[in-house]
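In order, the protein sequence lines correspond to chains A and B. Counting with my numbering, you get residues 1 to 1231 for the letters of the first sequence. Counting with my numbering, you get residues 1232 to 1375 for the letters of the second sequence.
To be clear, the hints were calculated from the coordinates, so they are not data collected in a lab. What you are looking at is a predicted structure, and each value in this text was computed from that prediction instead of being measured. Incorrect hints may have been included.
[To be verified] Among chain B residues calculated to face chain A with C-beta under 10 angstroms, some are:
#1 Glu1256
#2 Asn1281
#3 Lys1307
[Stated by the list, open to error] If you want the footprint, here are the derived chain A segments under chain B, 3+ residues with CB under 8 angstroms:
#4 751 to 760
#5 1135 to 1141
#6 1158 to 1165
#7 1170 to 1177
Ideal Cβ positions, reconstructed from N, Cα and C, are used throughout, including at glycine.
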Amino acid sequence: MESQTIKNTNYARSLIEASLDPFVTISLEGKITDVNEASIKATGISRKKLINTNFSDYFTDSKKAQEGYRQVFEKGFVSDYPLTIKHKNGNLTDVLYNASVYKDNKGNVLGVFAAARDITEQKQSSQYARSLIEASLDPLVTISPEGKITDVNEASIKVTGVSRKKLINTNFSDYFTDPKKAQEGYLKVFKKGFVVDYPLTIKHTNGKLTDVSYNASIYKDDAGNVLGVFAAARDVTEQKWAKDLRKANVELAFQNKEKGKRAEELIIANEELAFQNNEKGKRADELAIANKELAFQNDEKEKRADELAIANKELAFQNDEKGKRADELAIANKELAFQNDEKGKRAEELVIANKELAFQNDEKGKRAEELAIANKELAFQNDEKEKRAAELVIANEELAFQNEVKEKRAAELVIANEELAFQNDEKEKRAAELVIANEELAFQNNEKEKRSAELVIANQELAFQNNEKEKRAAELVIANGKLEYQNKVKEKRAAELVIANEELAFQNKEKEKRAAELVIANEELVFQTKVKEKRAAELVLANEELALQNIEAIKQGITNKELEASNLDIKLDSQYSLSLIEASLDPLVTISRAGKITDMNEALTNITGLTREELTDTEFLDYFTEPQKARAVYQDVFANGSVTNSPLTLRHKNGKLTDVLFNGSVYKDDDGNVDGIVIVARDVTEQKRIATELNEAIIFAEMATAIAEDAKIKAEKATIIAENAMKAKQQFLSNMSHEIRTPMNAIIGFTKVVLKTALTAKQKEYLKAIKISGDALIVLINDILDLAKVDAGKMTFEQIPFKMSLSISAMLHLFETKIREKNLKLVKEYDDRIPGVLVGDPVRLHQIIMNLVSNAVKFTTKGKITVGAKLLSEDDKEVTVEFFVSDTGIGIPENKIESIFENFQQASSGTSRLYGGTGLGLAIVKQLIEPQGGSIRVTSKVNEGSTFFFILSFLKTKAEVETESQFMELDTDIKNTKVLVVEDIPLNQLLMRTILDDFGFECDIAGNGKIAIEKMETKIYDLILMDLQMPEMNGFEATEYIRNKMKSKVPIIALTADVTTVDLAKCKAVGMNDYIAKPVDDRLLYSKMVGFLKKSSVTIEPDVRELAKIVKIKCTNLNYLNERTKSNRVLMMEMISLYLEQTPPLIGTMKQSLFDKDWKLLQATVHKMIPSFSIMGISADYEKMAREIQEYASTQQQTNNISEMVLKLEEICMQACSELEEDFNIFKNNK
Amino acid sequence: MANENKIKLFLVDDDALYLKLMEIEFLEHGDFDIETYPTGELCIANLSHNPDIIILDYYLDGVNKNAMNGIETLDKIKAANPTIPVVMLSSQDKIDIAISCMHHGAFDYVVKSETAFMRLQKIITAIFEFKKIEKQLNWYMERM
């Protein structure tokens, strides 16, 4: 019994001694009474020295130790009481003490039995977990059930900007933009136990907001009491895509599962497929065999087909042969037939011959009969003769009687008798011969009959043979046909077989393809299955590992179960951390000081493609594309304790590269020694890829922009070039006019002047030649300029009232001299029905008729020139007049009539040599007529003359009717005309004077604008010719002064060398009536002057009236509309009618509002009128005026001006309306 | 059917002349499908025609006091479909009008002048450029 007890005690002792946990018993006084080996190890102090020393001496915190065992005595036990044992060499060991009192039999407490568990390891792991948590980039936080923060990691501090201390024990919800939502969030956690991807926004102290997604779960103690919430936030501001990715991942996982399921299904399907495949394989094999067989058969068939083909060919050949033979037979047949025919013919001939023979036979028979008859007759005659002989005998006897008498005679008679007998004999012989011949003939007949019968038989036989042959030929033909048919059938069959073959081959191929596809699908499935299996295996491995770890953990847990809460907490923490680590999608890895991998998570194995085992204890640097950089990074970690977002590239074992951002921090053991580093790598491949894509897209966009810009620049350059070209053209034209006209002016002018002096005949002749050449040159230049104007669309037509009859007469007057010189007659035929005054462009009409008449004069050497105008039609608004110019000149060949209206075309190249001219005249005429809505045509006969007809429409007008009488006196009027020439260059002064003298006008010269004005103040002029460029006061200034200051409406014609549009516009703007280009064409000048003199003489009487009315310049022009609508008549008409519709009511409203002093309405009305000014080409001054009115009206400053301006506006608008109405009608009528 | 590919423009102006001119100009310079309206009310009533761009006169109630003015029309357009770009037109070159238009969601503000049409053309080009870029951006955002 005792020994048993001792044994037990010893056993217990040895157990205690063997225990790795330090055990110690402590007396009531706190002295150590017993220790085990582990205690000695932990303290490094021998057993003896330990016993009877103070238990608390061996701890870093002796007070806490004392407290601990005191607790034991009080409570009877203590569990998981954390203390730190101090080794004598200074090593510290964290332990958890579990102690209980032990009592003697009576229940007296003898002391404390304390068992310490070394938790350094655990602590380390917890620290490790802690450092992991700290290293996490995601803000992690634990929250108490009251919503207070109990713990945070570094990331949380970063994201809130609040220190750890300040964070702890504050309200979790305080750090969010939406505290209510945060509160709801953690309440939800407590309620449900977890929350996933709860979106919240963290507020940094500096105001920065961070979108996070919270994943939280409660954590419990062993007893299942909820201790708090562990919340992990993931920064999603930067990583919305990551979230999406995660979602996608989840979905993928789900899909994976689905795929797993599907894979399983697929596996089953696979198996089935495999089975089917097998089946199919078998079938395929069978098919292959069948195929082969088919192929073989095909081959056979092909062979057979080939054979058949050969046979066919042979047959065909035979057929051919047969055909040939048949042909030959046919030929033979034909020949036979022919022979037959021949034979038939011969037979027929034979028959005929036969018949003939028969006939001959008959004839012979007949003859024989006849012979027989003759014979008979002979016989009869013989008989007769015998009778006679008998008679003679009788007679003889009689005679014998008589003979006696007549013996002589009797003898003679005997002789005669004998002779007769001889003759008889002869005759008998001959009869016999005839009989023989007859018989022979009969025999021959028979022979012939026989032969003919034989021939008939032979014939028949031949016919029969022929028939036979024909039959055979027919049979052969049929046989041929049959053979052909059979051949065809065989060919068909062969073709069918070939097709069938092909089809089979195709089917075979399809089947093979399908089989191959199936095999590929199979392989793929197998591969997928394998991959999945691999993954499954990996997962299983991971699972197992996890399970293993779990088991270990559980094991540990079981052993630990004796220990209590804090231990569990740590374990939980560590487990939680571990699972967090494992669950992390970012590769996590811990590296020892030596750079070896010590631990990693699943993500790392995924990203490197290596298993955990393969990775562990290998060189961390091996997995990067740039080991040096990686080394630098982790050295950096050791040096600085952490590193953030260092970019590196991980290499998968299959070579795939993954761009990652590295975040690392060191972790330390309890002593603060660096154990290694924890590195979190974040996969940024996707980000990089997107970034690259974005960059590429940006580059592309930039490139596209660059290209577009290039194109734009090019286009702009082209535009500039085009504009430059246009400018150059204009410049050229300007130069033309200036550089050529100015010297020409002098040449022509002075030639004229010299011509007026006393000259010898020779000199006069030469000078005339110079003048003619100069005139020709000027005409050419004017023509080119005119045409250029037309081309540039600058040709405008006026609509002014004029006297047509007079206008034409005046113009023809210019040709009188020339016509007289050439000894021609000029006839004018004017239709009296044409209204006296019409509205149109008289200058252009002049130009047209002038060109035509000058052509007529040029090309006519004798006879007459007829100019006429005929009224074609008339209504209440307009008249259409046909003009004609006819001559008796050289005429135009018919083939040229088409082209004479083209530029630089004359009827023949020879004409220009003979008659001169540019060939532009008719082109210009056409260009002048057609834009006015007219038409031109020509009839001509070579050497008889030509007639040009043109039709133009003119508006009717009632204006200036009363001036009829004055026109009658025009010539005298004009003769007394006083003209002021304002010109600074003496050369030109002289020239103008000469010209005007020629016209018979009185003329004064002023050297500049100032002198001109002075002269005008003392004398009244009918017309002013104004140069533009002059010293002191130029033409523009002078005109402005005359118009505005002197209020004179005297017609002013500008003289200008530059006929650019700018100048012309300016001329009109300052109030000039017209312009004429230098060098002055006296005819044009004359016609223009006459035009104005007429007008001014009409309107001369009344005094100064409204400016706008005196200056009969149109206030509108349709240039803008023309340009905008590209001269689209319909659109222009629409616009004009809109204006006409809109404007009068607006004018009414404007006036009314002014009257009512309704400024707002006035403003609105004028406002609405403003755009119309520029559209209708009304001077910008009026638009400005309208704007002023608007301004006044809006500010409601009533000035005196306003009513005046409104009146002016009204006037101009009314004028515009009437003008536009006219334009509208012109458009309408010309349509 | 051919109209499907054309840009549909609404031109709204109580000045019939200017309205017609704009129509002519647009038809001259581009292949547009154009509808013109003399009042804001008519424009709103026809929004169902789905215009791509509306060019709207600012001063629609000038003469007819009861007419809806440009800003009201703009607001109604924006209420009906905020994506339709509206370009405001006015004869007045006033900054406060321009700002008020922009505040009400106009895409741009153009003063009626000789260059107005050119500006409108540029703006229309810009609108489509802008729309294109926006679309591209959306595409990339989606990709992100």
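Hint check, glutamate 1256/B versus chain A [nearest Cβ-Cβ separation less than 10 angstroms]:
holds, 6 angstroms
Per the CB criterion, is lysine 1307/B less than 10 angstroms away from chain A?
Since the shortest Cβ distance to chain A is 21 angstroms, the answer is violated.
Do at least three Cβ atoms from the segment 1158 to 1165 of chain A come closer than 8 angstroms to Cβ atoms of chain B?
It holds: at least three residues are needed, and the segment 1158 to 1165 of chain A offers 3 whose Cβ sits within less than 8 angstroms of chain B.
Given coverage of the segment 1170 to 1177 of chain A by chain B, checked by CB-CB distance under 8 angstroms (3 or more)
Answer holds; 5 residues pass the 8 angstroms Cβ test.
Okay, the segment 751 to 760 of chain A and chain B, do three or more residues pass the C-beta test at under 8 angstroms?
Violated, because only 0 residues of the segment 751 to 760 of chain A bring their Cβ atoms closer than 8 angstroms to Cβ atoms of chain B.
Tell me if asparagine 1281/B is really an interface residue toward chain A, meaning its C-beta lies closer than 10 angstroms to one of theirs.
With a closest approach of 27 angstroms, the asparagine 1281/B hint is violated.
Three-residue Cβ test at 8 angstroms for the coverage of the segment 1135 to 1141 of chain A by chain B:
holds (count 4)
Of the numbered hints given earlier, the model fails hints 2, 3 and 4; all others are met.
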